[in-house]
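Here is what each chain is made of, one letter per residue.
Protein chains: 2
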Amino acid sequence: QQKGIRGRLNILFDAMEGWIVVLVVGIASGILAGIIDITSDWLSDLKEGYCETAFYLNRRFCCLGYDDEQDECREWITWNSALQARSVAAEFWTNYLFYIIFSTLFATTAAYLVKTYSPYSAGSGIPEIKTILGGFVIRKFLGWWTLVIKGIGVCLVAASSLCLGKEGPLVHLACCCGNIIPRIFPKFRYNEAKKREVLSAAAAAGISVAFGAPIGGVLFSLEEVSYYFPFRTMWRSFFCAMVAAVSLAFMNPFRTGKLVLFQVVYDRDWHAFELFFFALLGVMGGLYGALFIRMNLKIAAFRQDSWLRFFSVHEVVFMSVLTSIVSYLNIFMRVNPSELVANLFRECVGGDYHNLCNHVNHWKPTLLLLIASILKFFFTAITFGLKVPAGVWLPSMAIGACFGRAVGLTVHAWHMYNPNFWLFASCAPEGRCITPGMYAMVGAAATFGGISRMTVSLVVIMFELTGALTYVLPIMITVMISKWVGDAFDKEGISDGWIRMSEYPFLDTKEEYVYNTLASQVMTRVDDLIVITATGHTLDSLEKLLNSVDYKGFPVVHNAKDMLLTGYISRSELRYAIDKAKKKPGILLSSPCYFSGNLPILDDSIFIDFKPWMDQTPITVSHKFPMEMVIELFKKMGLRYTLVTKKGQLLGLITKKDVLRHLSIMYDPNSSEDDLQENL
Amino acid sequence: QQKGIRGRLNILFDAMEGWIVVLVVGIASGILAGIIDITSDWLSDLKEGYCETAFYLNRRFCCLGYDDEQDECREWITWNSALQARSVAAEFWTNYLFYIIFSTLFATTAAYLVKTYSPYSAGSGIPEIKTILGGFVIRKFLGWWTLVIKGIGVCLVAASSLCLGKEGPLVHLACCCGNIIPRIFPKFRYNEAKKREVLSAAAAAGISVAFGAPIGGVLFSLEEVSYYFPFRTMWRSFFCAMVAAVSLAFMNPFRTGKLVLFQVVYDRDWHAFELFFFALLGVMGGLYGALFIRMNLKIAAFRQDSWLRFFSVHEVVFMSVLTSIVSYLNIFMRVNPSELVANLFRECVGGDYHNLCNHVNHWKPTLLLLIASILKFFFTAITFGLKVPAGVWLPSMAIGACFGRAVGLTVHAWHMYNPNFWLFASCAPEGRCITPGMYAMVGAAATFGGISRMTVSLVVIMFELTGALTYVLPIMITVMISKWVGDAFDKEGISDGWIRMSEYPFLDTKEEYVYNTLASQVMTRVDDLIVITATGHTLDSLEKLLNSVDYKGFPVVHNAKDMLLTGYISRSELRYAIDKAKKKPGILLSSPCYFSGNLPILDDSIFIDFKPWMDQTPITVSHKFPMEMVIELFKKMGLRYTLVTKKGQLLGLITKKDVLRHLSIMYDPNSSEDDLQENL
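Chains A and B, in that order, are what the protein sequence lines are.
In terms of this note's numbering, the first sequence opens at residue 3 and continues consecutively.
In terms of this note's numbering, the second sequence opens at residue 3 and continues consecutively.
Just so you know, the hints here were simulated from the structure itself, not pulled from any lab data.
Among these hints, one or two may not hold up.
Note that identical chains are pooled: a pair holds if it fits in a single copy or bridges any two copies.
Unchecked claim - Restricting the straight-line Cα-Cα distance to at most 25 Å, the calculated cross-link-like pairs of lysine-lysine (BS3-like) are:
(1) LYS117 <-> LYS586
(2) LYS189 <-> LYS493
(3) LYS613 <-> LYS648
(4) LYS563 <-> LYS648
(5) LYS649 <-> LYS563
(6) LYS649 <-> LYS613
(7) LYS196 <-> LYS493
(8) LYS613 <-> LYS554
(9) LYS658 <-> LYS366
(10) LYS648 <-> LYS585
(11) LYS658 <-> LYS493
(12) LYS142 <-> LYS659
(13) LYS493 <-> LYS586
(14) LYS196 <-> LYS117
(15) LYS196 <-> LYS585
(16) LYS554 <-> LYS585
(17) LYS648 <-> LYS584
Next up, chain A with everything else stripped away, as it sits in the complex:
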């Protein structure tokens, strides 16, 4: 009946529905990101002053029409002039104070909102999204409430002086859209697989709006967050990411009309000898990542287990005051990180950003940059993990960019004072040879790589972020070195670290597990399981069974003697079948229940057939099956359990939890192998 024009139209609509969903998700993510960008910009500028003509305008919009370099913008009132500070010292202290007050106010509000209304809004959300896409359910994590509170919170945090970014949370917010919007569409509402596809696409859209990198977003979704990424998903994700990027460009929050955030306009070539410095930056990035992750996780674990956990808002207040006091004194720490990164990537042509292009004295900015990168490192490592919505990507990039620019300035000075040194032989005799902005870019890529351990997606994000195809190779080599160095310490990025610390059930699809364990060594043995026999049960006995244990499901065997596997019934199906049977007239609590294929030839009002509710063909593996293959099965088929049989006989059950426990034992050489031995 699905033929004819009507059938075709139905099919068409059916095919379109998926696209419509991702279209709406993309648009929503783009608009949301635009609003957040505008709001956080305004709040951030509020720390320094306000717009006289319209208080709701940020500095850039307030001063629209003035040339940044020459004219002074009269509509923008800094706090010192508002309070009519007379002396230079008074000016300084007024601004300093307002900076601290506003910054702390913003951070505290965010912390209070999170604590009171939505604890799930804390952190970047990336570890949780990875876990959710891995098949684990965290209720309300992607709901309306999280969206609203995290949306407000992220604006506040980004505007405060805390060393945190808004890129991770943007991915979380996009995923909230990707969770809420499909609820309108019945086809998506009840289909977990389809929901997850939309979430993958939303994650791509999140990166797309966070970095202006649609292709990078798709690759991020593929590389980092998505557990199962069928090809169709990729195309949809790409569409979603594109739509989000275009929606954001349409909102035009930065009034540049461009998708490229930190556009690099120079395309001066790099020289082969510079690869040495880039490699150095790569090593530094890897060390940074390893150190940061270890330190951050240690602090977070301490925070979780100690008295500190009761004072989450106080902690934020303290950190905010401390950060503001220190940050205001160093220009590279005072400005907000996205402005900082943009300026550090720039070339010294037609402008001097933060005194970076001072050709006479290189040492002052170099020193300031080094101090900024070191202080930012400690502040970020302590701050990330506070109960506010915040990510760690952009701060990492800022740290790397500071360090990279410092290295670049040093090399530049070296070349200026010793142009005939053998290293600079390949430089052109006239003009600048070293581009410190490029070092900043490479440094940012190195630290970003060190902390996230992303590879392809990171290179593509950097490429889309800067629009500079010329520097893909240096960036790639640096990212590679950074990853190698980082992996030499710990094989996990920051989000995997948090997943492990939070003990989320997550199976990394990227790892390959090669061990000589057999399925029978990991399984829960049949003696330790509650097994249902195909015959011999009554409604009453089943009900009692359900009430006495809380297992998620039960294997069904032919009889207790031969233990031949008949099927598997989940707890919820059994519950449902029992409830349904009870409503049937003529059914008593003592009515016999059958799970077997060979039903007695009786009136069906007297017995209950549970067969339809049972999985009659559960996936089984032989007891000699190597665990490596079992893990592959779990990863690739998205299983939650598998039954272990030997010649048809049930030997045991392996659940996802068993697999995870097995892996954690395998990984952690310090834990005793007792757990494992028990099952042998």
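Chain B: place on chain A using the hints.
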């Protein structure tokens, strides 16, 4: 013993080895592509004349230093001036004749080389590479000989006037490098999985050098050719593709110093109303693809089955003469396709390419473009499939670009003559509104999409090819429409069509198979199988068994009565075990052979234990397992066979061939279901 510094160094080298292999493969692919580009350019120019100062220079290098627009290049001697043709007619005919002669000479040489030395060099090679990466072995397809002959052949074909491209063959050649180079490294020589990883990377490098699109190459490898793409592969592929692109840029065959082939320098915005025309181009592209594939496959099938197959060289001669005669008369058909595409993408600023920017008379170029696109369509559909090394991507792009530019010119003329028409309300009152070059770009993407049915990778390739991020959205929408329209006719791209026609065993990972068939309905039943019993065989009886049938492997059961599955032994393992046993002293042909775990307690010189050679834990599925899941298992675990059991008892065997047959029956509604019914 692997600890300490030495162990660490070993591990490091082990980790590096994979990178070194892809590095070498990338460099080799880049250099190869550079040589081919230079050679084919030179040969192509030879059709028109030669360089007086050095015969081995192509026109561009010969005339280096002359300004293309103003000066006449005196060193470049066209054939008419070489032969001192006096009249205009004589000039024309001399050039015409030389064009035909050279073109035919090149094509014929290529055909002869392929026929005589390397039949595998014919075609694009993409279908075969997809099949090889799917796990099927085609011996010598990626060998030295293919590399040499296809390398020479592709230069000749690209230089001839045949409507064929060199992009597909470049991927094949890169894969040849990816097959030959790992042979030097022992770790790769004997590891099929690692070999396939390198091949995936090589495919990425191929696209990278063919289109100057490293990221597109990786996505192509992921989307199109690779069967199994673990994450590690992606990063390596990216590296390989980058190295190849940089090597090619280093060779600098076009002397532009750029990776971007058809660089688009304009970034004029597109208007919303233009989306209608882009959608139109998308529909055309889809129709083109569907029509082309059907026609091309029909012609190819006819060629394969009729007397034509004995005249492969003659056919090439005939087609070459015909194409040359027609092509010379239309400037858009005469120039080589990559030059054509580059010029069609260009904007009319500071140059008039092929009279495209004639602002007075739009109709002449429009008509010529339309004629070119139609004739090219027929020529390409007939020519692709001839026994010469050739691809169909660039010709498709050229067809689409011609058609797109024609549409663009028409819209442009429309706007020029009716600037106040409501459709053009969003145009700026002054200056040009329509950019015909953009239409050419979109048209090229549409036909490329129609023929290949690629999605993400195609958009990224177009983006890297032109360097124009501004037009990603129109291109994306067009590609999407083109794919939808094309898929409405047939769900396969040109390479999948060829795979089906050539009957290669290939399982498409992108398809989802949802049917209600059970494993037991597809399996070869145990009655039709040769089964080995665990006990009761002698060396003699096994040998006879091997000689009497040619099955690839045999299930082993406990005994003929209970049919309990013990394992599976492949033909080659059995062969090996028998041969080894024979060499053992004291073994007679009548010695008993055991496959079971319960060996008799006897002197081991009297019986032979086959257990070590047998797969003791073959992957089994229940007889009620849905076929859909079986297909998933085959696809995801790369199985070649699985055994069907019911409570441990062997019921049948499903091989990859059975799965493919099952799918082809499912797909083709015309074929009778007899084959399927038989197994019920």
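Item to complete: Check LYS648 against LYS585 for me: Cα-Cα at most 25 Å, and say if that holds within a copy, between copies, both or neither.
Response: neither (39 Å within a copy, 35 Å between copies)
Fill in: Homomeric proximity label, LYS613 with LYS648: Cα distance no greater than 25 Å
So LYS613 and LYS648 pass the 25 Å test inside a copy (23 Å) and across (17 Å) alike.
Worksheet item: How do LYS649 and LYS613 come out at 25 Å by Cα distance, when the copy is not named: within, between, both, or neither?
Response: both (22 Å within a copy, 17 Å between copies)
Worksheet item: Is it within a copy, between copies, both, or neither that the alpha carbon of LYS189 lies no farther than 25 Å from that of LYS493?
Response: Close across copies (24 Å), not inside one copy (39 Å); limit 25 Å.
Worksheet item: At most 25 Å between C-alpha atoms: does LYS658 with LYS493 qualify within a copy, between copies, both, or neither?
Response: Within. Shortest intra-copy distance 22 Å satisfies the 25 Å Cα cut-off; inter-copy 37 Å does not.
Worksheet item: Given a CA cutoff of 25 Å, do LYS649 and LYS563 count as a within-copy pair, a between-copy pair, both, or neither?
Response: both (15 Å within a copy, 15 Å between copies)
Worksheet item: At most 25 Å between C-alpha atoms: does LYS658 with LYS366 qualify within a copy, between copies, both, or neither?
Response: neither (56 Å within a copy, 69 Å between copies)
Item to complete: Go through the copies and call it for LYS563 and LYS648: within, between, both or neither, with a Cα cutoff of 25 Å.
Response: For LYS563 and LYS648, both the intra-copy (15 Å) and inter-copy (18 Å) Cα distances are at most 25 Å.
Worksheet item: Taking 25 Å as the upper bound on the Cα-Cα distance, should LYS196 and LYS493 be classified as within, between, both, or neither?
Response: between (31 Å within a copy, 22 Å between copies)
Worksheet item: What label fits LYS196 with LYS117 when the C-alpha limit is 25 Å: within, between, both, or neither?
Response: neither (32 Å within a copy, 50 Å between copies)
Worksheet item: How would you classify LYS117 and LYS586 at a CA-CA limit of 25 Å: within, between, both, or neither?
Response: Answer is neither: 48 Å inside a copy and 77 Å across each miss the 25 Å cutoff.
Worksheet entry | Alpha-carbon proximity context of LYS554 and LYS585, limit 25 Å | within (24 Å within a copy, 56 Å between copies)
Checked against the numbered hints given earlier, this structure breaks hints 1, 9, 10, 13, 14, 15, 17; the rest are met.
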